[in-house]
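Engineer: Residue numbers (this note's numbering), protein chains in the order written: chain A, 237 to 493; chain B, 237 to 493; chain C, 437 to 739; chain D, 437 to 739.
Don't read these hints as lab results, they were simulated from the structure.
As the structure is a computational prediction, the values presented were derived from the model and not from experiment.
It is possible that part of the hints are untrue.
To be verified - If you only want the chain B side, here are some residues facing chain C, beta carbon under 7 Å, derived: (1) K240; (2) K474; (3) N476; (4) L477.
Cβ coordinates follow ideal geometry from the N, Cα and C atoms, glycine included.
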Amino acid sequence: MSRKFVEEFKVVKNIALNSSNFLIKLLSKKALPQIAPGQFVNVEVENSKEIFLRRPFSVFEVDYTQNTMSLIVKILGRGSKKLTEIEEGDTINIVYPLGKSFSYPEKEDKVLLIGGGSGVAPMLFLAKETGLVKENVDIILGARSKEEHIDVSDYAKYGNLHYTTEDGSLGEKGFVTHHSIFEQINNYSKIYACGPDAMMKAVAKIAQTEGIFCEVSLENLMACGFGVCLCCIEPTQKGNLCICTEGPVFNIKELKW
Amino acid sequence: MSRKFVEEFKVVKNIALNSSNFLIKLLSKKALPQIAPGQFVNVEVENSKEIFLRRPFSVFEVDYTQNTMSLIVKILGRGSKKLTEIEEGDTINIVYPLGKSFSYPEKEDKVLLIGGGSGVAPMLFLAKETGLVKENVDIILGARSKEEHIDVSDYAKYGNLHYTTEDGSLGEKGFVTHHSIFEQINNYSKIYACGPDAMMKAVAKIAQTEGIFCEVSLENLMACGFGVCLCCIEPTQKGNLCICTEGPVFNIKELKW
Amino acid sequence: MVDLNVKIHDLDLKNPVMTASGTSGFAEELTDFYDVGQLGGLLLKGTTLKNRDGNAYPRMAETASGMLNAVGLQNKGVDYFIENIYPRIKDYNTPLIVNVNGSTVEEYIAVTEKVNELDKIPAIELNISCPNVKEGGMSFGISCPSAEAVTREVRRVYDKTLIVKLSPNVTDITEIAKAVEGQGADSVSLVNTFLGMSIDSEKRIPLLSTVTGGLSGPAIKPIALRMVWQVYNAVKIPVIGMGGIMNAADAIEFMLAGATAVQVGTAIFKNPFIPLQIIEGIKEYLERHKIQSASELTGCLQM
Amino acid sequence: MVDLNVKIHDLDLKNPVMTASGTSGFAEELTDFYDVGQLGGLLLKGTTLKNRDGNAYPRMAETASGMLNAVGLQNKGVDYFIENIYPRIKDYNTPLIVNVNGSTVEEYIAVTEKVNELDKIPAIELNISCPNVKEGGMSFGISCPSAEAVTREVRRVYDKTLIVKLSPNVTDITEIAKAVEGQGADSVSLVNTFLGMSIDSEKRIPLLSTVTGGLSGPAIKPIALRMVWQVYNAVKIPVIGMGGIMNAADAIEFMLAGATAVQVGTAIFKNPFIPLQIIEGIKEYLERHKIQSASELTGCLQM
Ligand SMILES: Cc1cc2nc3c(=O)[nH]c(=O)nc-3n(C[C@H](O)[C@H](O)[C@H](O)COP(=O)(O)OP(=O)(O)OC[C@H]3O[C@@H](n4cnc5c(N)ncnc54)[C@H](O)[C@@H]3O)c2cc1C
Ligand SMILES: Cc1cc2nc3c(=O)[nH]c(=O)nc-3n(C[C@H](O)[C@H](O)[C@H](O)COP(=O)(O)OP(=O)(O)OC[C@H]3O[C@@H](n4cnc5c(N)ncnc54)[C@H](O)[C@@H]3O)c2cc1C
Ligand SMILES: Cc1cc2nc3c(=O)[nH]c(=O)nc-3n(C[C@H](O)[C@H](O)[C@H](O)COP(=O)(O)O)c2cc1C
Ligand SMILES: Cc1cc2nc3c(=O)[nH]c(=O)nc-3n(C[C@H](O)[C@H](O)[C@H](O)COP(=O)(O)O)c2cc1C
Ligand code: FES
Ligand code: FES
Numbered sequence: 237m238s239r240k241f242v243e244e245f246k247v248v249k250n251i252a253l254n255s256s257n258f259l260i261k262l263l264s265k266k267a268l269p270q271i272a273p274g275q276f277v278n279v280e281v282e283n284s285k286e287i288f289l290r291r292p293f294s295v296f297e298v299d300y301t302q303n304t305m306s307l308i309v310k311i312l313g314r315g316s317k318k319l320t321e322i323e324e325g326d327t328i329n330i331v332y333p334l335g336k337s338f339s340y341p342e343k344e345d346k347v348l349l350i351g352g353g354s355g356v357a358p359m360l361f362l363a364k365e366t367g368l369v370k371e372n373v374d375i376i377l378g379a380r381s382k383e384e385h386i387d388v389s390d391y392a393k394y395g396n397l398h399y400t401t402e403d404g405s406l407g408e409k410g411f412v413t414h415h416s417i418f419e420q421i422n423n424y425s426k427i428y429a430c431g432p433d434a435m436m437k438a439v440a441k442i443a444q445t446e447g448i449f450c451e452v453s454l455e456n457l458m459a460c461g462f463g464v465c466l467c468c469i470e471p472t473q474k475g476n477l478c479i480c481t482e483g484p485v486f487n488i489k490e491l492k493w
Numbered sequence: 237m238s239r240k241f242v243e244e245f246k247v248v249k250n251i252a253l254n255s256s257n258f259l260i261k262l263l264s265k266k267a268l269p270q271i272a273p274g275q276f277v278n279v280e281v282e283n284s285k286e287i288f289l290r291r292p293f294s295v296f297e298v299d300y301t302q303n304t305m306s307l308i309v310k311i312l313g314r315g316s317k318k319l320t321e322i323e324e325g326d327t328i329n330i331v332y333p334l335g336k337s338f339s340y341p342e343k344e345d346k347v348l349l350i351g352g353g354s355g356v357a358p359m360l361f362l363a364k365e366t367g368l369v370k371e372n373v374d375i376i377l378g379a380r381s382k383e384e385h386i387d388v389s390d391y392a393k394y395g396n397l398h399y400t401t402e403d404g405s406l407g408e409k410g411f412v413t414h415h416s417i418f419e420q421i422n423n424y425s426k427i428y429a430c431g432p433d434a435m436m437k438a439v440a441k442i443a444q445t446e447g448i449f450c451e452v453s454l455e456n457l458m459a460c461g462f463g464v465c466l467c468c469i470e471p472t473q474k475g476n477l478c479i480c481t482e483g484p485v486f487n488i489k490e491l492k493w
Numbered sequence: 437m438v439d440l441n442v443k444i445h446d447l448d449l450k451n452p453v454m455t456a457s458g459t460s461g462f463a464e465e466l467t468d469f470y471d472v473g474q475l476g477g478l479l480l481k482g483t484t485l486k487n488r489d490g491n492a493y494p495r496m497a498e499t500a501s502g503m504l505n506a507v508g509l510q511n512k513g514v515d516y517f518i519e520n521i522y523p524r525i526k527d528y529n530t531p532l533i534v535n536v537n538g539s540t541v542e543e544y545i546a547v548t549e550k551v552n553e554l555d556k557i558p559a560i561e562l563n564i565s566c567p568n569v570k571e572g573g574m575s576f577g578i579s580c581p582s583a584e585a586v587t588r589e590v591r592r593v594y595d596k597t598l599i600v601k602l603s604p605n606v607t608d609i610t611e612i613a614k615a616v617e618g619q620g621a622d623s624v625s626l627v628n629t630f631l632g633m634s635i636d637s638e639k640r641i642p643l644l645s646t647v648t649g650g651l652s653g654p655a656i657k658p659i660a661l662r663m664v665w666q667v668y669n670a671v672k673i674p675v676i677g678m679g680g681i682m683n684a685a686d687a688i689e690f691m692l693a694g695a696t697a698v699q700v701g702t703a704i705f706k707n708p709f710i711p712l713q714i715i716e717g718i719k720e721y722l723e724r725h726k727i728q729s730a731s732e733l734t735g736c737l738q739m
Numbered sequence: 437m438v439d440l441n442v443k444i445h446d447l448d449l450k451n452p453v454m455t456a457s458g459t460s461g462f463a464e465e466l467t468d469f470y471d472v473g474q475l476g477g478l479l480l481k482g483t484t485l486k487n488r489d490g491n492a493y494p495r496m497a498e499t500a501s502g503m504l505n506a507v508g509l510q511n512k513g514v515d516y517f518i519e520n521i522y523p524r525i526k527d528y529n530t531p532l533i534v535n536v537n538g539s540t541v542e543e544y545i546a547v548t549e550k551v552n553e554l555d556k557i558p559a560i561e562l563n564i565s566c567p568n569v570k571e572g573g574m575s576f577g578i579s580c581p582s583a584e585a586v587t588r589e590v591r592r593v594y595d596k597t598l599i600v601k602l603s604p605n606v607t608d609i610t611e612i613a614k615a616v617e618g619q620g621a622d623s624v625s626l627v628n629t630f631l632g633m634s635i636d637s638e639k640r641i642p643l644l645s646t647v648t649g650g651l652s653g654p655a656i657k658p659i660a661l662r663m664v665w666q667v668y669n670a671v672k673i674p675v676i677g678m679g680g681i682m683n684a685a686d687a688i689e690f691m692l693a694g695a696t697a698v699q700v701g702t703a704i705f706k707n708p709f710i711p712l713q714i715i716e717g718i719k720e721y722l723e724r725h726k727i728q729s730a731s732e733l734t735g736c737l738q739m
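Based on the sequences and whatever the hints tell you, model everything.
Structural biologist: Written out as structure tokens, the structure reads:
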């Protein structure tokens with residue numbers, strides 16, 4: 237168990253990264269606790285008649301000197317839509333920091349990071365934090381089309397960027413697991429993935445077959461986000477575990493995939 | 237029965253008249269139907285988790301050439317508060333026009349208009365519309381203190397303005413019925429009142445005793461505003477009547493006060 | 437072109453969307469907004485044998501995603517209805533259904549017999565579930581023997597479509613549904629309101645003159661939906677679903693759970709056009725999902 | 437200085453605000469946010485004799501002003517609790533109450549006997565109202581004979597404060613309350629969740645793996661409040677009220693309706709500090725209204 241907080245953050249930036257993804261930067265009044273890639277926050281969606289529960293979002297960036305934290309919010313339904321309409325200067329109420337982070341790679345690792353959909357945020361956060369030289373980090377980002385990709389060129393310094401699109405409008409055509417990188421998948425000692433279930437399961441299957449270390453970050457539906465409701469469970473080798481406290485990051489060996 | 241509409245109006249003005257009263261001016265995309273003093277609208281309060289039903293407000297002004305309609309909203313609870321936070325350019329959804337208006341006075345009438353609290357709006361609308369010369373119209377507005385009165389000097393051209401405050405900070409001290417005008421109450425052939433229940437009942441009692449024609453506008457709790465729910469009833473000589481369709485304006489003779 | 441028609445026993449509805457009793461007056465009020473001929477059907481305000489003043493003010497309280505009401509069946513009685521209201525509304529181009537109420541079985545029968553004479557009333561809805569009256573009402577609908585008795589007696593005197601409206605304030609709604617089916621009900625409609633209560637904590641008084649009242653609106657939807665699903669699986673007669681329907685998705689959920697048609701109640705207070713929007717929404721849904729007929733939705737929840 | 441103390445039979449609470457079972461884990465999770473010693477009491481997660489995996493995912497669905505859950509009493513069993521959890525939490529400075537569950541009367545008894553041995557557990561809450569398990573659970577709480585039987589047998593083996601948690605999914609909750617009072621319950625707590633259902637209209641599937649689940653949150657408050665008021669007027673033992681309490685005004689409403697203490701459930705998911713805010717709010721209310729003691733609020737609704 238670790239110290240958690242409920243706090244009003246001030247929105248200092250809310251910009252559209254593309255038609256469906258927004259970057260929301262939040263300012264805390266106090267020093268932020270340590271937050272690692274894979275951890276998430278649970279956000280109150282104000283002013284919406286339809287939303288009752290909070291909505292979980294991965295942390296994308298933390299700046300401890302400025303006490304800011306950023307999220308990438310992809311519009312999926314009503315809550316995420318409403319959140320992206322928030323204005324700079326508004327406040328939002330956040331429960332944080334939640335969940336366990338990805339494990340950090342060792343110096344000698346060669347890693348592959350795979351992000352799709354709303355799973356891009358924790359992957360980019362992790363890319364920044366691996367502590368590896370760029371040569372040892374490959375990042376594949378998948379989306380339906382070029383328009384759905386966000387501009388991540390800043391991350392080129394942390395790893396080699398690759399793209400897939402279902403329509404072939406950017407990078408290789410197909411799903412992430414169709415990317416040619418998978419032809420030399422044994423070059424990697426660690427794979428990290430976050431994205432739609434189907435994508436993660438496809439990645440996990442390959443990692444499993446090849447015997448490569450692989451961590452995925454799950455996005456089960458949550459009610460509380462801090463371990464009291466037991467709604468967010470995932471069947472694991474140790475029984476049903478709450479992904480909000482025992483995850484969201486799991487080594488695929490622990491899962492029943 | 238008369239034609240009613242559900243329409244999105246655009247907020248063209250939202251200004252604070254004092255700390256608790258706001259003037260909200262609304263623009264219609266189409267020609268407004270005839271709306272008379274005493275009639276009201278039922279307003280959807282958007283973006284509020286706590287508000288489920290609409291909130292009724294009297295029409296304060298109508299401009300048929302500009303297709304605008306104004307309301308005076310006094311902050312009472314959560315819905316009215318939320319409404320006053322609306323921004324120019326926003327839209328609000330309105331069911332209108334609802335209810336029956338005050339009867340218009342005859343040319344020879346001398347009338348007294350009495351408004352208190354949120355009852356000021358229909359009284360000022362009526363003041364403008366009586367069709368009488370200023371000399372035959374007296375208007376008493378009551379509030380707790382000077383700060384709670386709004387500036388109505390524009391209405392001096394329609395009638396003689398009088399004020400009461402409970403603390404004596406503007407006009408005569410006391411409730412509206414304590415105003416010295418009531419010493420010559422028989423000068424008036426018609427009294428119109430809108431305000432808190434207690435105020436209207438006090439006025440009605442005097443009118444009744446003196447045998448003066450008197451109409452009051454009630455503010456019962458409403459669910460629908462157009463006669464289908466039967467929640468807004470007032471016991472009358474004809475049984476329980478819906479104030480949203482048979483009122484809100486009633487001749488006190490019809491009531492069981 | 438999708439087919440929106442549905443059938444409740446002998447009653448043909450041009451679409452599955454009706455307005456609920458007590459939330460659409462005697463139809464005339466809605467005509468101030470639009471032609472009610474567009475509706476699948478319209479349930480008239482609860483009618484009793486004699487004039488009823490209803491309960492004292494205040495009769496309503498807002499709640500989280502819902503409202504309480506304690507109207508208490510205010511109406512001028514069935515004779516007044518027949519003489520004064522029926523002639524004005526009878527030619528509206530939608531099935532008008534009378535919501536029949538009583539404090540005793542005899543009263544239910546008396547109202548039914550009178551309504552049976554009215555050519556343009558193709559069905560009645562027997563309200564054995566009103567929580568807002570001291571006598572009769574819900575007390576008939578919360579036990580099998582009384583629900584059976586009133587259904588049986590009314591069935592004897594009524595030869596058109598008989599819908600029985602069930603109360604959700606029971607341990608097992610399927611038992612009541614089966615009981616009234618057994619006595620010849622042609623359809624069941626559910627749910628009526630849940631018995632609830634609101635308090636003004638500052639004044640320390642109940643918000644309703646009657647202390648308790650009936651809860652309606654989106655708040656009750658999950659419970660209503662569960663009951664419709666249970667009843668659909670328990671009876672063979674068509675089920676009419678309601679409780680918190682605010683939009684087409686809600687209406688479709690009720691149909692998937694087993695409703696042949698739906699009623700829209702409290703939503704009308706928010707916007708009288710909602711029933712029409714729902715009709716449009718169902719049409720659009722059927723087209724989008726390439727489903728030919730609204731009736732195919734009934735009970736087609738995948739498990 | 438106002439007095440926040442209330443008493444549930446032998447159990448002294450420093451204030452009337454507890455957290456509800458299944459919404460505050462085994463207390464430790466809340467200590468990540470604050471010292472749980474500030475709470476009036478804490479109801480631990482439902483515990484059974486043996487390990488239970490609970491139901492399959494998905495287990496929750498958001499609804500209008502509420503949520504459905506179908507957790508199904510996932511827990512590692514009472515022995516695991518006693519050996520692994522109890523030692524870590526027993527010294528928290530608030531009454532920890534075990535929520536006892538079973539599929540059979542024997543299981544209820546077995547769990548109770550084990551918990552009876554634990555010094556720092558001053559009370560149990562007998563959960564005869566869980567709607568999310570196939571066997572036992574709610575089935576005990578919806579009929580008088582079974583509610584009586586389980587209460588009687590558990591009472592025989594338990595000598596500390598026995599609270600029985602009632603199901604709202606019944607026609608007349610006062611009957612069940614009186615039945616368990618008659619068998620020696622020291623207090624009743626109500627309400628557990630309402631059986632509800634949600635559907636994904638686009639996919640035409642139920643949103644919960646179990647099809648139906650338990651509805652909680654502000655949506656149910658008016659019904660829960662009515663039941664607390666009815667039960668308060670029907671029994672002599674203290675009533676613990678819950679169902680949709682989100683703030684101090686809600687908690688005070690339950691107390692005015694007759695609750696001696698309240699439990700806060702779903703609100704914790706929105707903000708774990710809400711129970712503490714409610715304690716503060718009650719204090720402020722008492723001061724503002726010049727009421728000396730929280731216990732004076734119980735049942736003092738003016739009619
Ligand atoms: C640990 C965690 C981290 C996350 N990180 C991010 C992030 O960084 N950026 C981001 O954009 N999103 C992230 N998500 C997903 C995000 O929480 C959902 O997109 C959001 O809650 C949807 O809310 P909504 O109100 O917009 O959708 P709703 O209107 O509630 O739902 C729309 C539809 O999507 C489905 N749905 C909603 N949430 C989920 C879910 N979590 N999994 C599967 N289906 C779902 C609903 O069942 C419904 O069919 C994360 C989720 C988790 C659990
Ligand atoms: C026909 C009519 C015309 C009206 N015209 C105006 C107007 O021009 N300007 C204006 O400011 N207000 C007017 N009102 C009153 C206005 O509708 C209420 O102030 C508003 O609905 C309160 O909503 P709320 O959400 O702010 O208060 P809530 O949070 O809903 O309630 C706050 C408190 O006030 C009480 N309350 C709420 N509404 C009423 C009411 N109508 N009567 C008595 N007690 C009430 C509640 O019970 C509660 O105790 C009118 C009302 C009616 C019926
Ligand atoms: C103000 C009001 C009055 C009602 N009157 C009646 C009635 O007279 N007869 C009846 O059978 N149901 C009556 N009902 C119940 C509704 O018809 C419907 O069953 C219930 O409100 C649930 O549906 P909803 O959530 O869509 O409103 C009334 C409901 C409300 C809110
Ligand atoms: C996710 C969840 C799990 C629950 N688990 C239990 C439980 O194990 N035992 C129990 O008696 N009640 C359980 N409940 C019911 C709550 O304790 C409470 O009775 C109910 O939620 C109503 O209160 P609320 O509206 O404040 O949440 C659970 C409720 C929820 C939402
Ligand atoms: S979301 Fe509540 S336990 Fe994970
Ligand atoms: S508010 Fe519904 S009838 Fe008047």
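Engineer: Now look at each hint and say whether the structure bears it out.
Structural biologist: Going down the list of hints, with the structure as the test:
Because the beta carbon of B/K240 sits about 4 Å from the nearest beta carbon in chain C, less than 7 Å, this interface hint is met. Given hint, B/K474 at the interface with chain C, is violated; its Cβ is 11 Å from that chain's nearest Cβ, farther than 7 Å. With 7 Å as the threshold, the beta carbon of B/N476 comes within range of chain C, its nearest partner Cβ sitting at about 5 Å, so the hint holds. Look at B/L477: its Cβ only gets to about 10 Å from chain C, farther than 7 Å, so that hint breaks.
When each numbered hint is compared with the structure, violations occur for hints 2, 4.
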